[in-house]
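Model the placement of chain A on the given structure of chain H, informed by the hints.
Chains as they are written, first to last, in the working numbering: chain H, 5 to 812; chain A, 514 to 810.
Bear in mind the hints are in silico, worked out from the structure with no lab data behind them. We put the beta carbon where it would ideally sit given N, CA and C, even for glycine. Fair warning: there could be bad hints in the mix.
Said to hold, decoys possible - If we take Cβ atoms under 8 Å as the criterion, some of the chain A residues that face chain H in the derived model are:
no., residue
1, L564
2, R566
3, C572
4, E575
5, V576
6, R577
7, H578
8, L582
9, S584
10, M590
11, L594
12, T803
What the hints assert, rightly or not - Covered stretches of chain H, as calculated for chain A (at least 3 residues, CB under 8 Å):
no., region
13, 177-185
14, 202-212
Unchecked claim - Keeping only pairs whose Cα atoms sit at most 20 Å apart, straight-line, the calculated SDA-like set for lysine to any residue is:
no., chain 1, residue 1, chain 2, residue 2
15, H, K749, H, L719
16, A, K595, H, G181
17, H, K171, A, R574
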Amino acid sequence: MGRIESLKPEALYRRCDPELFQFETTAELDDLEGIIGQERAVEAVEFGTAIRREGYNLFSLGPSGTGKFKIVRDFLKRKAAAEPIPSDWCYVNSFDDPQKPRALRLPPGQGIELRQDAERLVEELRSAIPAAFESEDYRTRRQVIEEEVKEHHERAFEELRRQGQEKGIALMRTPAGLVFAPTQKGEVITPEDFQQLPEAERERIERDIKALQEQLQASLRQAPQWERGGREKLKALNQEVANFAVGHLIDELRKKYTAIPPVVEFLNAVQQDVIENVEAFLKPPESPLSAQAGNPQPRSPKAFPFFRRYLVNVVVEHSGSEGAPVVYEDNPTYQNLVGQVEYMAQMGALSTDFGLIRSGALHQANGGYLMLDALRVLSQPYAWEGLKRTLRSGEIRIESLGQALSLISTASLEPEPIPLSVKVVLLGERLLYYLLSQHDSEFNELFKVAVDFDEEVTRSPTSQLLYAKLIGRLARQEKLLPFDRGGVARVIEQSARFAGDAEKLSLHNRTLSDLLREADYWAQKAGGNVVGAGEVQRAIDAQIRRASRMREQYQEEVLRGTLLIDTEGAKVGQVNGLSVVQPGRYAFGHPSRITARVRLGRGEVVDIEREVELSGPIHSKGVLILSGFLGARYASDRPLSLSASLVFEQSYSGVEGDSASSAELYALLSALSETPIKQSLAVTGSVNQRGEVQAIGGVNEKIEGFFDLCHARGLTGEQGVLIPASNVKHLMLRRDVVEAVEAGKFHIYPVETIDQGIALLTGLEAGERDGGGNFPEGSVNHRVEERLIALAEKRRAFGQPSQSRGET
Amino acid sequence: MSEREGRFTLRRILVALDASAHSLAALEAAADLAAAMQAEMEGLFVEDINLIRLASLPCTREVRHTASLASLDLEQMERALKAQAAEARQAMAAAARGARVQWSFRVARGHVAHEVLAAASAADLLTLGKQGRSRNPRARLGSTALRALAGAPVALLLVEHRRVGAHGARFGEAARADTEARRRVLVVADGSEGASRALDAAARLAEASVVTLTVLLLADDSNAARDLELAAAHSLEGRSIEVRWRSLALAKGHNLLRAIQSDETALLVLSFSSPRLPEATVGKLLDHITNPVLLIR
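Chain H on its own, in the form it takes in the complex (with noise of 0.2 Å):
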């Protein structure tokens, strides 16, 4: 087995070579002709929206900063421009039950023309009927009918009068009543008189004024009759010159909308309600209607209270628009959704009507698309369910949530549904998307489409292209200085660092608009009129310098000697780790001291971290397969009889992740063969059972931690970095790392297995087995199996006297 070569500097950092690029500046450049890299997104775009079914909902998924919403609005808005544009809807009173609004749909544009002629109706009403109830004509007629009933009275108390007379009895009106007595000389008779009267005469008057009461109590009885039947003539009359007024007023707009059924109705309705009603239209200005009417006061004061109910509430209208509605709801609330229904303080109660009904942002959205943030739906109570029992039933009902929830009973409206028909867009993070797909089974049946959004692009000559023409785009959207060829490599380079990756390129469209609104703000700074490759690194520098607070105190902390880490000489069963700590958007490596020791024991490994519950599982994991690993190579035939115990020295907080677990065992196989590791080494990459280094993440960051260090204290042409061969690809060096490779001061190591890694710590060989079976005498497998060997035949000797068997 060959020793391991250091990579060239070439393998550490893939350039973006600006002669590539044809142009001199980004505004030479066409904007980008759609998206780069989201062909997945674009297609389940494209099938969402197009597939007209039920359920076919999308839920667009993808980290923020993406420009998920962006590209989403964007696509809609295009595809919406060229659909038909919906209808209006309006509520109008019910005559029959106020309760329940009724809904009118309109072609578009129409609702608003709707609700002026409304109101100009109420307005001509409001003349017409008066001026018929003033005429000549109507108040003979109505006097007639008056007279008439009073005539009926008359001549009935009139002809008991006479009858009375001319019996000599009188009738007389008493607080209470009607009394009939006997008279002499015109007065009534007193009562000494009447006693003084003959027997004969005395029962006569009697019976007289008995037969006379009966008289009367006969036409008191019948006196409501007439009164009724006057009432009536009355009210067929009053309808008869409002039926009038009302209809030319009203058949002028049945005329207009006899291609709209519902309208007609609703014209139907208004007129009954007006010529029932015709009363309210009479009585002057300063009399209070409302209790009459119910209503509230409207906010206008156009109409009175009560001539609300013939106007016409838009909910939803669409004059002045091209195309299918696309509604982007920043604040999904409840009520913002479904709409609500307001109500009004009026002496002290609160009231409501149907011109108080609110749209939401589905009434809006009705006939086009609805783009709404996932989360912050899941996050007003109740949302979430409003909008899914929205799309489930196919139709918007507006319900205030006390209702929805049944916690309260009063009589509130309930407007007519309206038919939905919308495509629903939710934003929002991956995790949220299979959160939901796992715990709501309504949710895979409503939004069956996701459109996930990638994250990185493969780096290549054409795509390199198309993301210099998304930078120039982004510059003219942003008003920033155009890029120069220079300038556009530098950031397609750092956007393959963003995507930790040489061979990809990051389409996180945030982090990208960022580095170039900086590398502008330099530009300009500096009084230039196009951005280079200086200003886009000063940008970069300046971003990493206002994050790097906490790493270079670390870095201090070890200059100090307050953490100890070695960076030259050799030791053993010690050997520097490399971890990466994330505290914001900014990541950086650092080196951490990993040690191990033996000793007798009964084959365990242990972990410390894990012991003390400092470790997350995939930490122990790695652990763990170290013991797997030792065991199968070493000490297959016999016990496995050490106790290993491992640690990250000066570690307080939790370790996470199993990239340090091929230092770990580095460290062990240091500390069983008692060979000493070079510091001036550091190890990233996890191990697996067979002894094979695997790929980790942050992988620049991690060497350019140990690398900072080293720089610190002095670059002295041994120091180095392992790392797994399948991580070479990631590499996306900082220039200052790369040039001391070039140089020959530091060195990068990509290791395949176990064993090249330990030749290049030990400076010895690792040894592999020969045709007996047998690693040559020297190497470091060699030493470790024999001190295994020598640990299993002490703890044979240990336990053979004393210890029963069955232990191990």
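Chain A only, in chain H's frame:
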């Protein structure tokens, strides 16, 4: 009423009250006059002796408006009359307080017309509702009003309660009636002695209430009307009032009637005795108009 040197004065107004709507309207009108002329008001409620009597008769039963029969007794009747009197007194007190005039109130027992006319002789003006409670629905004028018209010793103010707000009422009447009744005074001038007294009284009222005076000129032809107008204008000289003149072709009843009806809330001032308006015509006129009418003796 005292008519020293043709001057119309008003110090005491007798208001006959029976708690009916008409009498309450009369009370309002009287209070207006009292306020304008700074007169005092005297309320009179007469307990009808006929009612007291019939309550003691063994043969009488009361027929309620619900068509039920009830027996009568004296005690009950007296209590009911007392309640009405108390109601009348309260109305009196409220009206007088509103007009800021002095007032008194008393209850008498006897024949209504007799008691009222007897009390009137001590006052300058008798105010009556056109009808009382014991109305004869056929006639526009109640029995007491008729008796007063025939034999009141003093000026007489007759007021009708105008039904407003009822089904099919005329628009805005409710709001207008109150204030505008006080706004105008109408008077008929025909050149007679009585008419000039009426004109004098009307002018004083209009001046005191600061309202417009409308003079209806009753003459045979336009020349005569101009003469009438000149004479009337002469008599009104020195008064600070706004006067409107309206010439009518001679008193064919309905012509005058129209002129009055067209201003149906104004106070009409007439003379009891006018050659052109004999008593019978006055009575007929009263049957057909709803204006409050002040008759000057």
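Check your understanding: Which of the numbered hints are not met once you compare them with the structure shown?
Key -> 9 and 12
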